[in-house]
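All residue numbers for the sequence shown refer to UniProt numbering, where the first residue is 1 and numbers rise by one.
Possibly wrong hints are sitting among the right ones.
Stated by the list, open to error - Only pairs whose alpha carbons sit at most 35 Å apart, straight line, appear in this in silico DSBU-like list of lysine-lysine:
(1) K356 / K369
(2) K400 / K57
(3) K374 / K343
(4) K474 / K444
(5) K110 / K325
(6) K325 / K298
(7) K369 / K343
(8) K171 / K298
(9) K171 / K72
(10) K72 / K423
(11) K423 / K474
(12) K442 / K350
(13) K206 / K37
(14) K231 / K51
(15) K323 / K374
(16) K298 / K148
(17) K467 / K369
(18) K352 / K396
(19) K72 / K57
(20) K57 / K396
Said to hold, decoys possible - Simulated restraints on C-beta separations:
(21) D48 / Q270: 33 to 39 Å
(22) K148 / N174: 27 to 33 Å
(23) K423 / L479: 46 to 52 Å
(24) K350 / V19: 40 to 46 Å
(25) F6 / N69: 52 to 58 Å
(26) N333 / K423: 38 to 44 Å
(27) L78 / K148: 41 to 47 Å
(28) D80 / N120: 45 to 51 Å
Hint data in this document are derived by calculation from the structure and do not stem from the laboratory.
Just so it is clear, CB atoms sit at the ideal spot from N, CA and C, and this is done for glycine as well.
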Amino acid sequence: MCIAVFFNQKINDIRNNIVYLPNTKDPPKPQYSIINKLESFTRIDLPDLHKIISQMKPSTCALDPIPTNFFKEVSGVLIDNVLDIVNSSLDTGVFPDCLKTAVVKPLLKKNNLDPSSLENYRPISNLPFLSKILEKAVIMQLNEHLNKHAILDKFQSGFRTNHSTETALVKVVNDLRVNADRGHLSVLILLDLSAAFDTIDHNILKNRLSQWVGLSGSVLNWFESYLAGRKFFVSCGNYNSKTHDILYGVPQGSILGPLLFSIYMLPLGQIISGHNVSYHSYADDTQLYLSIAPDDPKSLDSLTQCLTCISEWMNSNFLKLNKEKNEILVIGNNGYNEAIRNKLDALGLKVKSEVKSLGVTVDCNLNFKSHINKITRTAFFHLRNIAKVRPLISSKDAEKLVHAFVFSRLDYCNALLSGLPKKDINRLQLVQNAAARILTRKRKSEHISPVLMSLHWLPVSFRIDFKILLMVYKALNNLAPSYISECLTPYIPNRNLR
């Protein structure tokens, strides 16, 4: 089978296996007055276009007439023509057909997988650079409208300014720890979706844009044109497949795709909160969590009812929920823990001792020992490889490798490690010490503090504290999500201070 046909058939099979429920209704739609409508785009000017082009990554597509790096260098010569194309599209509400074709390259999911099996490949899509410029001009105005009217889900952190996987996890873990301090158990469920970005129904998405976001006129026409008539072909070496139509999903590799997906998922938050269940999403990764008091075991029923409603809603919106792949964690340690586990098992919900959420291993005690184990194991593996080539490369290049393969792991979501026992943080400090010695070629017998100072590296515990301080600063200066700012309790003195 041709790999292009395989990729296309895979999405068709997922959609065909969804039990469509047309009678399932969305929650009540937001009411938008006429002042909330976005009916027409504003034309952009040359400074705006220069800024867009300068900020974009130079990712050349096979369909680009010239390499993107070269285009950026000579953009001053072409800028007037590009401006005309962008503003013409914004004025007419039409997305050019010539920019709707994607080049897909198959990428092996893991190096140790069988390259002869098509199942082991994922499609990596690339679009023309001019397409991304036009999308960037649109997303700037769409984001302004969404932010002005607070339309996006508060607890959707995917691909949003000042939001990240770290802010999402800090919010969830903080809530779980607060529940544990109150003597409550928490049930955490990680939902698993199959190719969620690729199965989206265009008619439903248009309805979201109109009814939930308030788009109309030429703006709504532009998005209808943007979604319609899309095609792709697979490029592998010197081989190019035939062109195939894309009938579903948001355009992969696009600027607008992730935001359109978040808009498509807007009703889900209302469904979950309607059952008094907490949640947080990062793109298509959704986490549900429920606090259960020891004297209120029936509150678990609201979670099971919520899962049923989520499943029904996803079926009616052409999203495939893999119930057997949902991961469940029970957090807390009291006499009722085992009873909750047994009840979940009886419902066919298999409880795990740890789950991986947004790249972080979360355990039932929230001590992150498993996460630290994985970080240290992986980091030392990379350090051994760096040590082998250290004599052959400069200090500058060696430091780049250390930052890319080691510090990227030490610093990822390290705000979650704040307050952990010193002995656990010391294990990460040993990784940093080893990296410093490899980089500077110092012996183990030499004291490490002067070495770290010479490299201007903060020790691991200080890096964690710095991350917390940075997050607090951002929260106090409107540079963090509102759900982070709400975690801060302002100090109010008991008496007036002069």
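Results of checking the hints against the structure:
no.	hint	verdict
1	K356 / K369	holds, 13 Å
2	K400 / K57	holds, 20 Å
3	K374 / K343	holds, 31 Å
4	K474 / K444	violated, 39 Å
5	K110 / K325	holds, 20 Å
6	K325 / K298	holds, 25 Å
7	K369 / K343	holds, 27 Å
8	K171 / K298	holds, 25 Å
9	K171 / K72	violated, 40 Å
10	K72 / K423	violated, 50 Å
11	K423 / K474	holds, 29 Å
12	K442 / K350	violated, 49 Å
13	K206 / K37	holds, 15 Å
14	K231 / K51	holds, 29 Å
15	K323 / K374	holds, 27 Å
16	K298 / K148	violated, 40 Å
17	K467 / K369	holds, 20 Å
18	K352 / K396	violated, 43 Å
19	K72 / K57	holds, 10 Å
20	K57 / K396	holds, 24 Å
21	D48 / Q270: 33 to 39 Å	holds, 35 Å
22	K148 / N174: 27 to 33 Å	holds, 29 Å
23	K423 / L479: 46 to 52 Å	violated, 34 Å
24	K350 / V19: 40 to 46 Å	violated, 22 Å
25	F6 / N69: 52 to 58 Å	violated, 33 Å
26	N333 / K423: 38 to 44 Å	violated, 20 Å
27	L78 / K148: 41 to 47 Å	violated, 33 Å
28	D80 / N120: 45 to 51 Å	holds, 47 Å
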